[in-house]
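2 protein chains.
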Amino acid sequence: MTNQKIPYKIYLEENEMPKQWYNLRADMKQKPEPLLNPETLQPVTLEELSGIFCAELAKQELNDTDAYIDIPEEIRKFYRMYRPSPLVRAYCLEEKLQTPAKIYYKFEGNNTSGSHKLNSAIAQAYYAKQQGLKGVTTETGAGQWGTALSMACSYFDLDCQVYMVKVSYEQKPFRREVMRTYGASVTPSPSETTNVGRAILKEHPGTTGSLGCAISEAVEKAVSTEGYRYVLGSVLNQVLLHQSVIGLETKTALDKYGIVPDMIIGCAGGGSNLGGLISPFMGEKIRGEKDYQIIAVEPASCPSLTRGKYAYDYCDTGRVCPLSKMYTLGSGFIPSANHAGGLRYHGMSSTLSKLYDDGLMEARSVEQTAVFEAATEFARIEGILPAPESSHAIRVAIDEALKCKETGEEKTIVFGLTGTGYFDMVAYEKFNNGEMSDYIPTDEDLKPGFDSLPKVNS
Amino acid sequence: MTNQKIPYKIYLEENEMPKQWYNLRADMKQKPEPLLNPETLQPVTLEELSGIFCAELAKQELNDTDAYIDIPEEIRKFYRMYRPSPLVRAYCLEEKLQTPAKIYYKFEGNNTSGSHKLNSAIAQAYYAKQQGLKGVTTETGAGQWGTALSMACSYFDLDCQVYMVKVSYEQKPFRREVMRTYGASVTPSPSETTNVGRAILKEHPGTTGSLGCAISEAVEKAVSTEGYRYVLGSVLNQVLLHQSVIGLETKTALDKYGIVPDMIIGCAGGGSNLGGLISPFMGEKIRGEKDYQIIAVEPASCPSLTRGKYAYDYCDTGRVCPLSKMYTLGSGFIPSANHAGGLRYHGMSSTLSKLYDDGLMEARSVEQTAVFEAATEFARIEGILPAPESSHAIRVAIDEALKCKETGEEKTIVFGLTGTGYFDMVAYEKFNNGEMSDYIPTDEDLKPGFDSLPKVNS
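Order-wise, the sequence lines are chains A and B. For my numbering, add 225 to where a residue sits in the first sequence, where the first one is 1. For my numbering, add 225 to where a residue sits in the second sequence, where the first one is 1.
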């Protein structure tokens, strides 16, 4: 079907949507290193993990042998409400850039959570419901994950308790209200509802909170409340598994029209979007069936892949979760106030870290102002106002398309457009006013983070 | 194809998208009354209209003979970026309501303007560009129309000057920033940039503005600036024409699956969405080919159809635009601070007014709290957080589905979901906090408006 006219948007039919998630780890020759119990420093057991996470999700977390896992029918039903997401041919952008490159993006923003996070939220809520739990707890910074989880819990009549970093709670009242509209209870963190919250408030009475503290509160709340578990929106293997729906749909849509990408680009914070998008393509690459250039894009202000160390580290600054071997800046690294809240994470998915370490993918870091330039250009040409996180991928996609313009190469570029920026207008305002600044940490700035790496590495 | 399984979302193929708009007035046996020049009280001429509006749009405004008007290829190209919009089968809502009714909604919110307004904005910007204009002016209250127009002007490299009611400018900084991101200049109204603005500021130094004042400023700016025209997002015939794309897509999608609706429901402020949605169905009804129950839904606080008078009135409170015969509460009626800003309009499209007067459609008014109850229920079940305006249609659709539950009738209900509520979280917050109030004007409250009707009626 190669000569067929490619539509602006490729939507799969319902019967073409994936019925199984793809578990890339099963096909990896070199598996990611196992999670370690932070106390014993031994690989975590299913039983240990099941105290924090839902039992089925703990199983998925440890499963690196089954390549395909059935998507339960109830989740597929929910997926059908907002999926398939369109694979868009960026004809207008190509024309504007005058590039011979062919640009496609998989757009995950057409749902009320505004991002791909819903793909995993609904799965996690489903397994919590199946287990007979009363509810789940989580933390949220910028609010995308909290919103997605609220929607998912509302669908399954589960209680949803979100610890929202206090500064975001106050500065992003609209995000908070979306969560409340979906029935979630949203608590500014640190709070008086947990031991760790009370201790922090006592020590730092005026603190506006941090993601690390919010995670610790959410975990404490989950493990100390009958019928609750803790859920997380990125980094974990289970999350990448659920997000494989992005890549599987993308691949089916491309295959339908005989399109073979040369390059796949995605932003990477914890890695859930990128890991999901690339999974079936990386599977082919690992099995030697095809070759693709795969590029992770991260902010220059929080460069875990490009400047981090591949080491065991704490996933959370509260140091209550298992240790993961990953590219990390150290849990003691404090990211600057970059506006892409979803990319302000010190570490990276252990799966992606392993692939990167094995040379199967590349990484680039980009600066904030250049990212917002790309975001604004994209918004004006393609009509979609992108999230700051997603705009990291747009920046590199445009750069690569412009390289093609110089070389005359007709490369096919696919990138992940993870979400919309409707709740990020404070950042756009700064950019519109010419008040946005860039920050690249010096080696000196990175030192405290590296010093915080646990001793297990030495 | 009646027995075919109806998918959750029906997306047309690109080649099934409309190539022509449908001009319902051409098929109306009783035409709407003509616009009058506010000074001469004679029907406005094409020349007079062309001083305010783009020439081609003025022609469309007066055209009640051509049933089909070609959509220029450049507009169709833009449509392909965000259209077709999905016709969604509300399976989950049906299940939750336990109704035998079949519910469909045409969802126009999957674009950055967040509503159907973009359908007309891109058309109006196109004709302005074709005419060689430098730019356009408009007013915006809640901001949906201003956002859509900013996007359209940015696409065609046209200057876009938006007068935004000062209170909204200050209370909705995010809407303002979206417009600025698309390159529009946004001026809080009243402003020092026009005679009318300066006069009002002198008389009422602390005023936070009104839509009427913003319209007057935008019109003054357009007619006094070389190379500019004024554009409007609703009420006008030209706008209903462009919005027919909603109804045409809906009809094609239904026909494809052999679905015949019993009932079509839409919210009505100025009438652009409802007029567009119902147009091809109303055409069949007028031609006696089919019968449909068609329901306009308006806020009880601003009940132009259900409690207004069918009379000539000013379209704007500044009284600079032509007089239109319509259902109106009088340009002197000051709507209460209902949160559905898009429905706070004293009048109604002259086409819809005529159809209503001729008994071809019904109207209902609903109260704000009941509307937000429906909005929240819908958001939780169907996953989309609706705009307050759209939620008026949801309220009546749910009410009708519940009636079917009682009677056992398997009615097919189609309603227009015009947009998303992401920029309306202040309203949702009020509702979530139990602080939302209802307001139904007394006959006494309506009197000043009726007293303001022009003498031409007597």
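Since the hints were made in silico from the structure, they are not lab data. Mixed in with the good hints there might be a few duds.
Same chains, same names: a pair is fine if it fits in one copy or spans any two.
Listed next, the in silico DSS-like pairs over lysine-lysine satisfying Cα-Cα at most 27 Å (straight line) [stated by the list, open to error]:
id	residue 1	residue 2
1	Lys359	Lys579
2	Lys230	Lys579
3	Lys630	Lys579
4	Lys327	Lys230
5	Lys302	Lys680
6	Lys230	Lys534
7	Lys302	Lys481
8	Lys655	Lys680
9	Lys481	Lys510
10	Lys636	Lys302
11	Lys284	Lys230
12	Lys302	Lys327
13	Lys579	Lys510
14	Lys481	Lys230
15	Lys302	Lys630
16	Lys254	Lys327
17	Lys354	Lys579
18	Lys630	Lys391
19	Lys244	Lys655
20	Lys254	Lys354
21	Lys510	Lys534
22	Lys302	Lys321
23	Lys302	Lys230
24	Lys302	Lys254
25	Lys284	Lys254
So, going through the hints one by one against the coordinates:
no., hint, result
1, Lys359 / Lys579, "neither (36 Å within a copy, 55 Å between copies)"
2, Lys230 / Lys579, "neither (39 Å within a copy, 44 Å between copies)"
3, Lys630 / Lys579, "neither (33 Å within a copy, 56 Å between copies)"
4, Lys327 / Lys230, "within (13 Å within a copy, 35 Å between copies)"
5, Lys302 / Lys680, "neither (46 Å within a copy, 59 Å between copies)"
6, Lys230 / Lys534, "neither (46 Å within a copy, 53 Å between copies)"
7, Lys302 / Lys481, "both (23 Å within a copy, 23 Å between copies)"
8, Lys655 / Lys680, "neither (41 Å within a copy, 51 Å between copies)"
9, Lys481 / Lys510, "within (20 Å within a copy, 41 Å between copies)"
10, Lys636 / Lys302, "between (36 Å within a copy, 23 Å between copies)"
11, Lys284 / Lys230, "neither (44 Å within a copy, 35 Å between copies)"
12, Lys302 / Lys327, "between (33 Å within a copy, 17 Å between copies)"
13, Lys579 / Lys510, "within (14 Å within a copy, 64 Å between copies)"
14, Lys481 / Lys230, "both (12 Å within a copy, 22 Å between copies)"
15, Lys302 / Lys630, "between (43 Å within a copy, 23 Å between copies)"
16, Lys254 / Lys327, "neither (32 Å within a copy, 51 Å between copies)"
17, Lys354 / Lys579, "neither (33 Å within a copy, 53 Å between copies)"
18, Lys630 / Lys391, "neither (46 Å within a copy, 45 Å between copies)"
19, Lys244 / Lys655, "neither (43 Å within a copy, 41 Å between copies)"
20, Lys254 / Lys354, "neither (34 Å within a copy, 58 Å between copies)"
21, Lys510 / Lys534, "within (25 Å within a copy, 70 Å between copies)"
22, Lys302 / Lys321, "between (39 Å within a copy, 14 Å between copies)"
23, Lys302 / Lys230, "between (31 Å within a copy, 14 Å between copies)"
24, Lys302 / Lys254, "neither (34 Å within a copy, 46 Å between copies)"
25, Lys284 / Lys254, "within (20 Å within a copy, 68 Å between copies)"
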